[in-house]
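**Student:** Chains as they are written, first to last, in our numbering: chain A, 17 to 316; chain B, 17 to 316; chain C, 678 to 934; chain D, 678 to 934.
No lab work stands behind these hints: they were computed from the structure.
Glycine included, each C-beta is placed from N, C-alpha and C at the ideal position.
A couple of the hints might just be wrong.
Unchecked claim - So the derived label-pair ranges between C-beta atoms look like this: (1) B:Asp299 with A:Gln106: 26 to 34 Å; (2) B:Met17 with D:Lys862: 33 to 41 Å; (3) B:Asn262 with C:Asp705: 24 to 32 Å; (4) B:Asp299 with C:Arg757: 34 to 42 Å; (5) A:Glu295 with B:Lys218: 17 to 25 Å; (6) C:Asp739 with B:Asp299: 14 to 22 Å; (7) C:Arg878 with A:Asp299: 30 to 38 Å; (8) B:Lys218 with C:Arg757: 18 to 26 Å; (9) D:Phe681 with A:Gln106: 21 to 29 Å; (10) D:Glu829 with A:Tyr95: 46 to 54 Å; (11) C:Glu808 with B:Met17: 36 to 44 Å; (12) C:Asn726 with D:Lys833: 54 to 62 Å; (13) C:Glu808 with B:Asp50: 16 to 24 Å; (14) D:Lys862 with C:Glu754: 56 to 64 Å.
Claimed, not checked - A few chain D positions that, by computed beta-carbon distances, are all more than 10 Å from chain A: (15) Lys707; (16) Arg720; (17) Val740; (18) Phe857; (19) His917.
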Amino acid sequence: MNLKVNIGGLELKNPVMTASGTFGYGEEFADLMDLNRLGGFLVKGTTLKHREGNSYPRMAETPSGMLNAVGLQNKGVDYFIKEIYPRLQQYDTNVIVNANGSTVEEYVALCEALNDLEHIPAIELNISCPNVKAGGMSFGVDPKMAAKVTKAVREVYHKPLMVKLSPNVTDIAEIAKTVEGEGADSVSLINTLLGMAVDAEKRQPVLSTITGGLSGAAVKPVALRMVWQVAKAVKIPVVGMGGIMNAQDAIEFILAGATAVQVGTGNFIDPTLTIKVLEGIEDYCQRHGFDDVNDIVGLI
Amino acid sequence: MNLKVNIGGLELKNPVMTASGTFGYGEEFADLMDLNRLGGFLVKGTTLKHREGNSYPRMAETPSGMLNAVGLQNKGVDYFIKEIYPRLQQYDTNVIVNANGSTVEEYVALCEALNDLEHIPAIELNISCPNVKAGGMSFGVDPKMAAKVTKAVREVYHKPLMVKLSPNVTDIAEIAKTVEGEGADSVSLINTLLGMAVDAEKRQPVLSTITGGLSGAAVKPVALRMVWQVAKAVKIPVVGMGGIMNAQDAIEFILAGATAVQVGTGNFIDPTLTIKVLEGIEDYCQRHGFDDVNDIVGLI
Amino acid sequence: MKKFLLDLKVVEKQCWNDKYVLLGFSHDEKLPSMFPGQFVEVRVDNAPNTFLRRPISVYNLDVEKNILWLYVQVVGEGTRKMYEYEVGDVVNMLLPLGNQFSVAQTGEKVALVGGGVGVAPMLYYGIKLKEQGIIPHFVLGARSAKDLVTIEDFKKVGEVYVTTEDASLGEKGYVIDHSFLQNGKNDIDRIVTCGPDPMMRAVGKFAKENGILCEASLENHMACGFGVCLCCVTPTTEGHKCVCTDGPVFNVKDLDW
Amino acid sequence: MKKFLLDLKVVEKQCWNDKYVLLGFSHDEKLPSMFPGQFVEVRVDNAPNTFLRRPISVYNLDVEKNILWLYVQVVGEGTRKMYEYEVGDVVNMLLPLGNQFSVAQTGEKVALVGGGVGVAPMLYYGIKLKEQGIIPHFVLGARSAKDLVTIEDFKKVGEVYVTTEDASLGEKGYVIDHSFLQNGKNDIDRIVTCGPDPMMRAVGKFAKENGILCEASLENHMACGFGVCLCCVTPTTEGHKCVCTDGPVFNVKDLDW
Ligand SMILES: Cc1cc2nc3c(=O)[nH]c(=O)nc-3n(C[C@H](O)[C@H](O)[C@H](O)COP(=O)(O)OP(=O)(O)OC[C@H]3O[C@@H](n4cnc5c(N)ncnc54)[C@H](O)[C@@H]3O)c2cc1C
Ligand SMILES: Cc1cc2nc3c(=O)[nH]c(=O)nc-3n(C[C@H](O)[C@H](O)[C@H](O)COP(=O)(O)OP(=O)(O)OC[C@H]3O[C@@H](n4cnc5c(N)ncnc54)[C@H](O)[C@@H]3O)c2cc1C
Ligand SMILES: Cc1cc2nc3c(=O)[nH]c(=O)nc-3n(C[C@H](O)[C@H](O)[C@H](O)COP(=O)(O)O)c2cc1C
Ligand SMILES: Cc1cc2nc3c(=O)[nH]c(=O)nc-3n(C[C@H](O)[C@H](O)[C@H](O)COP(=O)(O)O)c2cc1C
Ligand code: FES
Ligand code: FES
Numbered sequence: 017m018n019l020k021v022n023i024g025g026l027e028l029k030n031p032v033m034t035a036s037g038t039f040g041y042g043e044e045f046a047d048l049m050d051l052n053r054l055g056g057f058l059v060k061g062t063t064l065k066h067r068e069g070n071s072y073p074r075m076a077e078t079p080s081g082m083l084n085a086v087g088l089q090n091k092g093v094d095y096f097i098k099e100i101y102p103r104l105q106q107y108d109t110n111v112i113v114n115a116n117g118s119t120v121e122e123y124v125a126l127c128e129a130l131n132d133l134e135h136i137p138a139i140e141l142n143i144s145c146p147n148v149k150a151g152g153m154s155f156g157v158d159p160k161m162a163a164k165v166t167k168a169v170r171e172v173y174h175k176p177l178m179v180k181l182s183p184n185v186t187d188i189a190e191i192a193k194t195v196e197g198e199g200a201d202s203v204s205l206i207n208t209l210l211g212m213a214v215d216a217e218k219r220q221p222v223l224s225t226i227t228g229g230l231s232g233a234a235v236k237p238v239a240l241r242m243v244w245q246v247a248k249a250v251k252i253p254v255v256g257m258g259g260i261m262n263a264q265d266a267i268e269f270i271l272a273g274a275t276a277v278q279v280g281t282g283n284f285i286d287p288t289l290t291i292k293v294l295e296g297i298e299d300y301c302q303r304h305g306f307d308d309v310n311d312i313v314g315l316i
Numbered sequence: 017m018n019l020k021v022n023i024g025g026l027e028l029k030n031p032v033m034t035a036s037g038t039f040g041y042g043e044e045f046a047d048l049m050d051l052n053r054l055g056g057f058l059v060k061g062t063t064l065k066h067r068e069g070n071s072y073p074r075m076a077e078t079p080s081g082m083l084n085a086v087g088l089q090n091k092g093v094d095y096f097i098k099e100i101y102p103r104l105q106q107y108d109t110n111v112i113v114n115a116n117g118s119t120v121e122e123y124v125a126l127c128e129a130l131n132d133l134e135h136i137p138a139i140e141l142n143i144s145c146p147n148v149k150a151g152g153m154s155f156g157v158d159p160k161m162a163a164k165v166t167k168a169v170r171e172v173y174h175k176p177l178m179v180k181l182s183p184n185v186t187d188i189a190e191i192a193k194t195v196e197g198e199g200a201d202s203v204s205l206i207n208t209l210l211g212m213a214v215d216a217e218k219r220q221p222v223l224s225t226i227t228g229g230l231s232g233a234a235v236k237p238v239a240l241r242m243v244w245q246v247a248k249a250v251k252i253p254v255v256g257m258g259g260i261m262n263a264q265d266a267i268e269f270i271l272a273g274a275t276a277v278q279v280g281t282g283n284f285i286d287p288t289l290t291i292k293v294l295e296g297i298e299d300y301c302q303r304h305g306f307d308d309v310n311d312i313v314g315l316i
Numbered sequence: 678m679k680k681f682l683l684d685l686k687v688v689e690k691q692c693w694n695d696k697y698v699l700l701g702f703s704h705d706e707k708l709p710s711m712f713p714g715q716f717v718e719v720r721v722d723n724a725p726n727t728f729l730r731r732p733i734s735v736y737n738l739d740v741e742k743n744i745l746w747l748y749v750q751v752v753g754e755g756t757r758k759m760y761e762y763e764v765g766d767v768v769n770m771l772l773p774l775g776n777q778f779s780v781a782q783t784g785e786k787v788a789l790v791g792g793g794v795g796v797a798p799m800l801y802y803g804i805k806l807k808e809q810g811i812i813p814h815f816v817l818g819a820r821s822a823k824d825l826v827t828i829e830d831f832k833k834v835g836e837v838y839v840t841t842e843d844a845s846l847g848e849k850g851y852v853i854d855h856s857f858l859q860n861g862k863n864d865i866d867r868i869v870t871c872g873p874d875p876m877m878r879a880v881g882k883f884a885k886e887n888g889i890l891c892e893a894s895l896e897n898h899m900a901c902g903f904g905v906c907l908c909c910v911t912p913t914t915e916g917h918k919c920v921c922t923d924g925p926v927f928n929v930k931d932l933d934w
Numbered sequence: 678m679k680k681f682l683l684d685l686k687v688v689e690k691q692c693w694n695d696k697y698v699l700l701g702f703s704h705d706e707k708l709p710s711m712f713p714g715q716f717v718e719v720r721v722d723n724a725p726n727t728f729l730r731r732p733i734s735v736y737n738l739d740v741e742k743n744i745l746w747l748y749v750q751v752v753g754e755g756t757r758k759m760y761e762y763e764v765g766d767v768v769n770m771l772l773p774l775g776n777q778f779s780v781a782q783t784g785e786k787v788a789l790v791g792g793g794v795g796v797a798p799m800l801y802y803g804i805k806l807k808e809q810g811i812i813p814h815f816v817l818g819a820r821s822a823k824d825l826v827t828i829e830d831f832k833k834v835g836e837v838y839v840t841t842e843d844a845s846l847g848e849k850g851y852v853i854d855h856s857f858l859q860n861g862k863n864d865i866d867r868i869v870t871c872g873p874d875p876m877m878r879a880v881g882k883f884a885k886e887n888g889i890l891c892e893a894s895l896e897n898h899m900a901c902g903f904g905v906c907l908c909c910v911t912p913t914t915e916g917h918k919c920v921c922t923d924g925p926v927f928n929v930k931d932l933d934w
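The following block holds chain A by itself, in its conformation from the complex (with noise of 0.2 Å):
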């Protein structure tokens, strides 16, 4: 049974990652589970400099989701690339770090900087962060935004590139096609839908911040609405995400065009939930009597 899938020149051994804000920095699961099991996991959004994030009330819950407007908090790169950088060498799989900016200056500073870093074989670039008020999504919503700073991006990061899109758009392909166009080796989707929530009794919004990012089950159907859109419209891999909650939602998203797909929420339900995951995937393909994962992708 063959598992491993290449998406954009990244060797995974399978295609099981997790979504990027979802997983810390992956040694909070460590007891849990064996994190060298994984295609890959993504860490925290980066960014250059520090980030206190957004203000508390960061969360709310939904029918079959939940909202978060954490904003990116983090410390910036340099701390990433001094205290935790170290440790995460000792995993036997891809460790990718999710950069973040507010300019394409700062995106550039940042995507240079990761390029140095041996043991990260590649980066996402999130040009849909919903939580930030400078930057983040409006990169993602704005074809020629984000065209360009997958350019300067491109330019100065030689190692595999992810772009991460926004489903906060009309046209989610038009914007793949465009970073595609530009140099990017693969594109991951969704990340959040822009919702909010309101405390009635309260009559106020129940996040600091008034709108944030709709993540969960609930966007499963949008997020596999928008995978199949894309896959068509590009050739390079896509990974998709999205309310993943078992095996099966990750079989629905291959067998939409993913290649690969990232646990998000999910990790939060069930902190082992990617390895069962992995599992389902394995099994799915032995019952169904195919050798290679990557004869289910995109069969729809």
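Let chain A serve as the given structure and place chains B, C and D with the ligands on it in line with the hints.
**Tutor:** Just chains B, C and D with the ligands now, kept in the frame of chain A:
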């Protein structure tokens, strides 16, 4: 306690309506509730000519929601006027027709016919149906097309005109402002989010049309966000919907800026839900010391 | 027919293996009349992933004891929760829904052909036939004997002919192959059927070929169950019809099979 | 501390009125050590609207009987389902989570100030104090006597001082007004507290004003409970800290109160 609201010239005895396509022609509910208690109800999507709609399967259940791909099955406006309209006159509430077309000309011809119906005090111009190939959503996702169809219909339709917006756009406030500029008296939102379901075991899409429209509790956070964005952007009243499953949900929409609400998929799960929502809104106003429901509109 | 939204109480429960349950529901007031072929929409509100109601056929309506019987096969989360209902639980239902099997004429020879959990609507029709003085001939098929757990109920009402795919009970094979049907082609006046789609199509074809009146009860996926969503359609000679209101029972000659 | 994901079985259940339940959970193997102030994340998987786990404090860990006790107040769907757990039910938990109250020094006079269901983490800390030879002084406040249902548990461990807002038990008013605190200002060496935010802030202020070391256990809303989502932060003198990993217990002098 005043529950009366005015939606761009349309007087409602209270802010509770039903969403088109989820309430049949109202009659199906008459055994279970008193239709006259509603602020109004929206009947099935109607087109100029008879439409068979899409093939079965047209439905997929999803986490806290459902996808549909009905595709505007209806017998056309002539049949409506001859066979159904006479029966609807008995109701002492606003019966509103949801008007659909594939071309501007079709929309215009349909709305001209509807303009003559004395007992239809308003129409909802649906420029956001994701389930028809030609027209439908394509009008709702392109500001130019939205402007064109609204303008053309405005010329022939002389009663309150509500335009129903698509959530499948990058900037819904822009579309809202556009239709406001062309003479819409109110906007209603959201129509369904474009989604997809996959049958992993059969390795095929669940719906005959592959993609369909997502509705139900799952979409509420997105709907609330859009209602809030649109209410800030336009001066005309906003009618909110998307995942209302109880009175609290409806109040959240009103607080976010909706002057009235529509209950959709919730009608399938509890056919008496509208009455519960109505009573819950009244109770909420009482508990919070408001003697006019208009006083809580857009408090957030 | 007038629809009701009622909270019914579980008063009887019979489980066989871990796949089938027969549940009896009652109410303080007299239950509304229901006819063979009709169904109810059950609200399963204690499962995380059952957003919509679940349609279940009337297995029997015991007017004397004021009990509505439902026969449920566990296939997913909703039916699993029904399996777990206990006596005393209260369950919200919308009922009665759908049309009904048409009434047979005195003297007709009637075959009631059910496959799998599709046997459910057959019993009640059989009971009505018996009340009319017509012997119901139940032809019941399933994968295996363990999928035909309520067979004794049928034996009390009429003649029972069984097929199983694994030959664990009755004749081996599909219902349509049963000698009662194959040998009785010329005698049978009416067939009513419910079961998996391929089975019903085979039965419909058999009926057409032999000029037998045949009604099938379809089980299309439903969102509302009472004609307002238009999700449950089946193509017919007159275009798309709703299975929940124009059906679930259709004369097979009107279907696009 | 090493985290575990365990299926625990309900072995004891005590309900008072319809709002509070004390649940005892056990496991075939020895339960991991847990410290006062720590909490568990409970998976409530039989309610339609509890997507995320629910954080609940360790009320007590009975090492001898291998029972973990949780004390739960019903406030919404998740806690309602916990109230409905029956002996024999199996519940998935992630544990132990969070830091802990720091250990008191022999000879200290310690006040454990709990409000509402915030009394939960106080008992276990009290038990540990008692084992150290320190008398725990529990100052427990609630709206009404019916919100202080486990008071006997506290009386077995230490001195108990009560306030209720409606004067149905103990002194009338808020915990902070209790004569034990107001008269004892100068004697108290350490306060630990848990309860509604305004109450803890009042306690924190009181402690600061009187130069008393004070630790508060916060109850911010959580998505993960183990430090990976960054949703539960509280502002501190060193910026945003996660309540689930840097807390739930904070020295109030580090908080941005
Ligand atoms: C008019 C009518 C009468 C019915 N009568 C009975 C009855 O008497 N007893 C009984 O056990 N079942 C009956 N069914 C089928 C029953 O409604 C479904 O089995 C049930 O809705 C599945 O719910 P679930 O949550 O357990 O499964 P889900 O998790 O929703 O689905 C599990 C699997 O079952 C399939 N499924 C879901 N709904 C249906 C359906 N309507 N028909 C066929 N397959 C479905 C799904 O595609 C999936 O593969 C009837 C259906 C209809 C439309
Ligand atoms: C570290 C920690 C320890 C806790 N220990 C206990 C305990 O020992 N016993 C106990 O009964 N409860 C405890 N809680 C609170 C408990 O987690 C919440 O009451 C529970 O999650 C609510 O779930 P629900 O589904 O019943 O309510 P929901 O339907 O989710 O919410 C109902 C209401 O409660 C509010 N609420 C939800 N979560 C919290 C929260 N974390 N804090 C305060 N209000 C909340 C909501 O805003 C809403 O107004 C603790 C919380 C934390 C963070
Ligand atoms: C709490 C939280 C924090 C997140 N932070 C990031 C982030 O820093 N960068 C990023 O690209 N996506 C972030 N995301 C989005 C996820 O990576 C993922 O795209 C999204 O949650 C959809 O997948 P899911 O439904 O499986 O969670 C975050 C999501 C959550 C819930
Ligand atoms: C089965 C079904 C059919 C629908 N048909 C129409 C329609 O004909 N015209 C229309 O404007 N919206 C239609 N809608 C969309 C609803 O009116 C509503 O905008 C949407 O479902 C969101 O609200 P909800 O989540 O409360 O259902 C339909 C929705 C469903 C579920
Ligand atoms: S299920 Fe809604 S119309 Fe039949
Ligand atoms: S709850 Fe996720 S970091 Fe604290």
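**Student:** Taking the hints in turn, state whether each one holds.
**Tutor:** Against the structure, the hints come out as follows:
1. B:Asp299 with A:Gln106: 26 to 34 Å: Violated - the Cβ-Cβ distance for Asp299 (chain B) and Gln106 (chain A), about 59 Å, lies outside 26 to 34 Å.
2. B:Met17 with D:Lys862: 33 to 41 Å: Check failed, 51 Å falls outside 33 to 41 Å.
3. B:Asn262 with C:Asp705: 24 to 32 Å: 26 Å, holds
4. B:Asp299 with C:Arg757: 34 to 42 Å: Between Asp299 (chain B) and Arg757 (chain C), where Cβ atoms are some 36 Å apart, the hint holds.
5. A:Glu295 with B:Lys218: 17 to 25 Å: 22 Å, holds
6. C:Asp739 with B:Asp299: 14 to 22 Å: 40 Å, violated
7. C:Arg878 with A:Asp299: 30 to 38 Å: Given a distance of about 33 Å, which is inside 30 to 38 Å, the answer is holds.
8. B:Lys218 with C:Arg757: 18 to 26 Å: 21 Å, holds
9. D:Phe681 with A:Gln106: 21 to 29 Å: 22 Å, holds
10. D:Glu829 with A:Tyr95: 46 to 54 Å: 50 Å, holds
11. C:Glu808 with B:Met17: 36 to 44 Å: 55 Å, violated
12. C:Asn726 with D:Lys833: 54 to 62 Å: For Lys833 (chain D) against Asn726 (chain C), whose Cβ atoms are near 44 Å apart, the range 54 to 62 Å is violated.
13. C:Glu808 with B:Asp50: 16 to 24 Å: 38 Å, violated
14. D:Lys862 with C:Glu754: 56 to 64 Å: For Glu754 (chain C) against Lys862 (chain D), whose Cβ atoms are near 58 Å apart, the range 56 to 64 Å holds.
15. Lys707: 17 Å, holds
16. Arg720: 7 Å, violated
17. Val740: 21 Å, holds
18. Phe857: 32 Å, holds
19. His917: His917 (chain D) not clear of chain A: closest Cβ-Cβ about 6 Å, inside 10 Å.
The earlier numbered hints that this structure contradicts are 1, 2, 6, 11, 12, 13, 16, 19.
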